[in-house]
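First to last, the sequence lines map onto chains H and W.
Numbered by this note's numbering, the letters in the first sequence go through residues 2 to 429 in order.
Numbered by this note's numbering, the letters in the second sequence go through residues 2 to 429 in order.
Keep in mind that the hints were calculated from the coordinates and are not lab data.
Just to be clear, a hint being listed does not mean it is correct.
Copies of the same chain look alike in the list, so a pair counts if it fits in one copy or across any two.
In silico DSS-like links for lysine-lysine, alpha-carbon gap of 25 Å or less [as the list claims (entries may be wrong)]:
1. 272 <-> 389
2. 294 <-> 350
3. 15 <-> 428
4. 30 <-> 75
5. 389 <-> 75
6. 33 <-> 75
Note that the structure is predicted; figures quoted are calculated from it, not measured.
Protein chains: 2
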Amino acid sequence: MKELNMMIEKNYKKIVMKFGGTSMGDIEKISKVADHIQRERDNGVQTAVVVSAMAGETDRLINLVNEANVVSNKAEKDAIISTGEQVSSALLSLILNSRGIRAESVQGWQIPLETSNMHGSARIKNINPQKLQGLLNNNIIPIIAGFQGVSEENKITTLGRGGSDTTAVAIACALNADLCDIYTDVDGVFTSDPRIITQAQKIDKISFEEMLEMASQGAKVLQTRSVELAMSYNMPIRVRSTFIENNFEKNDKSHNIGTLVTNEENIVEDKVVSGIAYSRGEAKITIQNLEDKPGVAAQIFGDLADQGVNVDMIVQNISADGRHTDLTFTVQETDLDSSIEIIEGLGDKIKYSKCIQSKDIAKVSVIGVGMRSHAGVAAQMFATLAEKGINIQAITTSEIKVSVLIELQYIELAMRALHSVYGLDIKH
Amino acid sequence: MKELNMMIEKNYKKIVMKFGGTSMGDIEKISKVADHIQRERDNGVQTAVVVSAMAGETDRLINLVNEANVVSNKAEKDAIISTGEQVSSALLSLILNSRGIRAESVQGWQIPLETSNMHGSARIKNINPQKLQGLLNNNIIPIIAGFQGVSEENKITTLGRGGSDTTAVAIACALNADLCDIYTDVDGVFTSDPRIITQAQKIDKISFEEMLEMASQGAKVLQTRSVELAMSYNMPIRVRSTFIENNFEKNDKSHNIGTLVTNEENIVEDKVVSGIAYSRGEAKITIQNLEDKPGVAAQIFGDLADQGVNVDMIVQNISADGRHTDLTFTVQETDLDSSIEIIEGLGDKIKYSKCIQSKDIAKVSVIGVGMRSHAGVAAQMFATLAEKGINIQAITTSEIKVSVLIELQYIELAMRALHSVYGLDIKH
């Protein structure tokens with residue numbers, strides 16, 4: 002496995018480096034960011050950089066908009082919040098130039114990075130690589146303001162929260178880079194949340210598909226859209242820390258740097274399960290003794306979908322008489338109240354005895370591309386939880402994931418047990 | 002005179018309104034700015050708006066740059082400080098739109114407002130009026146970020162401190178507007194500084210030339226470049242307050258609104274002197290017993306000019322023997338130390354007994370286009386000062402101005418006496 006890493010790493014000639022808000026938190030931290038860039042340059046790597054706003058700045062700007070207390074105009078809000086990245090990109094460029102490293106801040110409209118006109122959640126439509134490649138050819142490092150673009154109407158757009166990850170991957174694709182390095186405040190992607198599982202270990206390599214499941218399960222290291230985009234273009238992403246000193250060692254090609262998110266084919270599998278993810282912010286709704294006739298489920302879930310409520314897990318038990326059922330499903334906790342309203346609003350369209358809600362639930366997921374070729378992963382999960390006396394309230398599965406709904410109080414117990422049983426604990 | 006005002010004012014069909022940093026200080030104040038814009042719109046006036054950054058914001062951004070403690074890169078500094086106007090313009094647009102008034106923030110690069118590439122003090126080269134006029138034609142109020150433009154290299158530039166006044170006048174010229182209204186935190190231009198002269202009164206009309214003298218003498222109401230530009234294009238400027246309530250009265254066409262800065266021909270003169278200006282921040286240098294031979298003055302003032310020192314007043318007295326002289330001149334107080342160094346650096350090139358410096362001086366100026374046709378203004382000034390026992394240390398004059406250098410301690414006394422003798426005191 003080490004040999005394979007070496008092979009990949011030694012070929013990095015052109016990379017995109019992305020630094021998030023925490024990495025750009027203050028002038029001292031931005032200097033550290035400059036150190037990383039300087040190291041890559043000294044190693045002869047062609048580098049384009051994408052930055053987020055300084056930590057807290059986007060919130061400050063959003064507060065300014067909220068203070069105005071007006072019906073929001075998303076185009077103007079974009080013009081306001083995009084200034085955070087404009088400032089941070091120019092500050093980093095200032096610092097690099099003062100070290101004698103030629104750099105130039107580049108805003109979305111200067112590239113141009115063309116997007117749809119869906120202000121606040123714009124989609125990237127096209128990136129013209131000419132300007133950026135021209136800077137690289139002239140040995141000037143482009144410092145690109147992440148998160149933002151320009152619409153056909155020549156207005157500033159933003160890509161939505163966390164959009165700088167997506168900017169970085171998209172720029173890497175447009176420049177035909179070898180790799181997109183995402184610098185953040187954690188060491189990489191872990192087998193589980195290290196705050197809960199002290200035995201969690203950093204994953205050296207993970208497939209795009211697994212990363213997508215990890216991200217959507219709450220791993221929050223990378224924005225989901227950026228992983229989808231990287232998967233489409235087969236652009237490897239490396240998640241690594243801005244703050245670990247050994248990142249600065251020259252020619253450090255050890256496979257211990259961060260986590261490489263890459264095509265499944267580049268991963269020599271040695272584990273069936275890659276990680277244990279969890280999600281807390283969900284709520285459960287049970288409709289008891291629901292009259293079971295055709296169209297009832299369509300009515301309920303149709304109305305919820307129309308109101309923008311995302312339903313996750315669904316379990317339906319047929320009752321003894323075959324005419325009534327208990328229907329259980331989960332929604333985001335933030336959608337709970339409106340979901341109950343929607344169900345009550347159905348009135349006579351559905352008949353049931355009682356509608357019960359609960360927030361004291363959590364979802365635990367076992368993730369791994371190895372499941373495709375290994376049977377028994379789900380069975381082992383259910384047995385492990387049963388052994389600990391944890392009741393499973395609902396189950397969903399995909400090709401590379403098994404998720405179960407359990408009582409919130411058992412979450413740490415369940416995760417520790419699963420992390421251990423699938424052989425993910427740190428070996429001493 | 003009132004009749005003339007009415008005539009001019011009733012023709013205002015298209016105006017530019019400019020609001021400075023104090024006017025844009027917080028959300029509440031920006032709402033007041035929106036009231037002014039709404040009033041003009043309700044009166045059927047086509048309006049384009051230019052704004053400064055919220056008070057304090059530009060300083061905050063400059064501090065951020067200073068904190069980085071690097072050799073400054075002026076292009077990147079411009080990218081940083083121009084965000085202040087981007088935020089304020091979008092906030093104002095947000096507030097207008099929420100009132101049902103269609104508005105759109107417009108950045109320098111979106112116009113485009115093309116400038117030279119002298120970052121930090123760029124000159125406006127061209128303004129394409131097409132986009133702005135298109136917005137006006139569609140009944141959308143452009144809210145233009147002042148102070149900034151875009152260079153040929155497609156980089157953001159800034160025009161230097163106070164540049165938003167210049168932006169406003171330039172936009173007014175490009176749009177062929179009838180007037181440029183500069184809203185600020187004072188009621189207009191006064192016959193003298195009201196903090197010193199309680200009898201000072203607001204001037205209803207003043208010529209461009211007088212305004213230039215007033216501005217350069219420390220009146221600081223309008224940026225000098227904006228007045229020069231307005232004079233070149235004969236674009237009337239009105240200086241008025243954002244915060245006076247009667248500004249909100251509909252159809253208030255009284256000539257008491259602010260101060261109109263306009264072409265001399267539009268002013269029916271009834272006063273020879275329009276105002277008394279002063280300047281404190283100067284220093285005096287006297288070189289005693291300077292050997293008086295050809296080329297000495299050229300040597301001294303040439304070296305000072307080469308080092309960027311601006312010499313203002315110069316007085317030279319021939320000594321009794323005809324071979325020595327006392328040379329006295331004034332420079333900005335901030336240039337005093339370097340001026341002394343330059344003179345001492347001349348070494349053997351000039352011979353003199355002593356070089357004396359003094360900061361305890363002030364300059365008082367009497368300004369008025371009426372001087373062109375009225376003799377005796379200077380004589381009356383000298384007589385008035387003599388009567389008060391104030392010694393005149395140096396004199397400079399222009400067609401519409403007489404300035405004298407006096408001891409700093411006499412400044413208020415001199416100003417009050419002159420303000421009174423030229424008939425400028427408020428009539429009760």
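Notebook entry, point to check: Which of the numbered hints are not met once you compare them with the structure shown?
Noted result: Structure breaks hints 3, 5.
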